[in-house]
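2 protein chains.
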Amino acid sequence: MKKRAPAAKRSTAPTRPKPEVGYHHGELQEALIAASEAILAEQGAEAFTLREAARRAGVSPAAPSHHFGNAQGLLTEVAIRGYDALAGALREAASGKQGTRDKLRAQGLAYVDYALRHPGRFQMMFANKRLVADDARLKQASRAAGHAFEVVVAELTGGTAKDAKTAAAAAWSTVHGFAKLALEEKFGSVNNEAGRREIMMTLDQVLNYLWPASGTRR
Amino acid sequence: MKKRAPAAKRSTAPTRPKPEVGYHHGELQEALIAASEAILAEQGAEAFTLREAARRAGVSPAAPSHHFGNAQGLLTEVAIRGYDALAGALREAASGKQGTRDKLRAQGLAYVDYALRHPGRFQMMFANKRLVADDARLKQASRAAGHAFEVVVAELTGGTAKDAKTAAAAAWSTVHGFAKLALEEKFGSVNNEAGRREIMMTLDQVLNYLWPASGTRR
DNA sequence: ATATCTATCTTAACACTGTTCAGATTGAGC
DNA sequence: GCTCAATCTGAACAGTGTTAAGATAGATAT
Chain P
1 MKKRAPAAKR STAPTRPKPE VGYHHGELQE ALIAASEAIL AEQGAEAFTL
51 REAARRAGVS PAAPSHHFGN AQGLLTEVAI RGYDALAGAL REAASGKQGT
101 RDKLRAQGLA YVDYALRHPG RFQMMFANKR LVADDARLKQ ASRAAGHAFE
151 VVVAELTGGT AKDAKTAAAA AWSTVHGFAK LALEEKFGSV NNEAGRREIM
201 MTLDQVLNYL WPASGTRR
Chain D
1 MKKRAPAAKR STAPTRPKPE VGYHHGELQE ALIAASEAIL AEQGAEAFTL
51 REAARRAGVS PAAPSHHFGN AQGLLTEVAI RGYDALAGAL REAASGKQGT
101 RDKLRAQGLA YVDYALRHPG RFQMMFANKR LVADDARLKQ ASRAAGHAFE
151 VVVAELTGGT AKDAKTAAAA AWSTVHGFAK LALEEKFGSV NNEAGRREIM
201 MTLDQVLNYL WPASGTRR
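Protein chains in written order, with this note's numbering: chain P, 1 to 218; chain D, 1 to 218.
Derived by calculation from the structure, the hints in this document are not laboratory data.
Where is the CB? At the ideal position from N, CA and C, for every residue including glycine.
Please note: incorrect hints may appear among the correct ones.
So the derived label-pair ranges between C-beta atoms look like this [as the list claims (entries may be wrong)]:
hint	chain 1	residue 1	chain 2	residue 2	range
1	P	Gly58	D	Thr160	55 to 61 Å
2	D	Arg117	P	Ala133	16 to 22 Å
3	D	Glu198	P	Asn70	31 to 37 Å
4	D	Gly188	P	Ala47	30 to 36 Å
5	P	Arg137	D	Gly195	21 to 27 Å
Work out the full structure: start from the sequences and follow the hints.
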């Protein structure tokens, strides 16, 4: 078994607030999360194994349990960060536009773009059985992402809160379904850039169809 | 290990075209498919194991390989039947209605109803990595299900074939996304009948919002 | 400075999994 | 009857997640 490089020597100053390596391994949590992300990015959600994540972090397969309890715990942490990143992407997409419909369309495109750029992470985020589904932070992060739709949609409906909820559910369902179907290759190949561009164009048409510009009829 | 009951005695007539039991086990393919369906129904897609399916069919873990190659092959067969059943449900839902919009709404409700009633099977149908994704029969069955939307939507658009494709993609995406999000508990609990009813009502609102009755504006 | 404490990590084991391969079994056809 | 090919078993292999006991080492107290 390969021994990892010895930890960097401690600074001579003993009162350092945050040592550069910390405990034995130091940032094992972060290392395991990074390793998990790498597996998801390289080989997809189905290929993730706890042992492989431990291997990449240079620790024994039992090490992660002390930080995350079990594989679900580690993946939950990954999913939380994934939701945070998604929510950020949605907010940013909306902030770059003026009209409400433009914001909504930009959010839809950003949602699917995120899914296609991080397919493994995205699939894992919505694989409740592999996560600690009732984790408070996970639920909060997920809600925050869904909330990004409500914020924009509320401007659109201008009606009751219930209408806004319905419209947000509609928007989220549409882009989520499109992303999922795209990832399962129902709209053609998604492995090459050309395929992804075509899929994004299809999405644009779908969004135009469901949320036509003001005054347009169908 | 438990010995299964001895096969029923052959009929005295030797020229029977289809013996009631066939080979050693007889209908092992069907038994394995039924066992797999049972696992999916009882414990969900994540809980499926080939060994458990073999156990339930009363054969050794190596037996399935002779009929399906591997676990993916068996699950592909299950998925094909799932798509066939889904396509049938979609066609039947549309056939019971007159107006095009009523057909579309009935299809949407039927789609999500199917997903909520057979969650394990539904999740497996859209888990490409666990199936033989390029199996011709699987792709055909999947296309047939998607085609059910196109048929109804074509009446709605009355435009070019491209418009119909866009509208069908929109409809499929919406109901698929809603079903997926519902199964991941994003719209509340789905484990009890009351929760499912509430979710179906939310879906009805979503469909009314996205495909309003003729003449209605938003 | 030394001893103790406690978080961290390893080692080894356990019960699983899917798959492969050699051989046994058994229905079908000559 | 005999042969043949399809079917199934048994055993093995490499891999998985998880657990328990012990080693290690940073932090803390004396």
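Legend entry - Outcome for the supplied range 55 to 61 Å, where the beta carbon pair is P/Gly58 and D/Thr160: 58 Å, holds
Inset, instruction - Could you check the hint for me, namely that D/Arg117 and P/Ala133 are 16 to 22 Å apart, CB to CB? - result: 21 Å, holds
Legend entry - Whether the CB-CB distance between P/Arg137 and D/Gly195 falls inside 21 to 27 Å: 24 Å, holds
Legend entry - Supplied distance hint 30 to 36 Å, evaluated on CB atoms of D/Gly188 and P/Ala47: The hint (30 to 36 Å, Cβ to Cβ) holds, given that D/Gly188 and P/Ala47 are roughly 32 Å apart.
Legend entry - Consistency of beta-carbon spacing, P/Asn70 to D/Glu198, with hint 31 to 37 Å: For P/Asn70 against D/Glu198, whose Cβ atoms are near 32 Å apart, the range 31 to 37 Å holds.
Violated hints: none; the structure is consistent with every hint.
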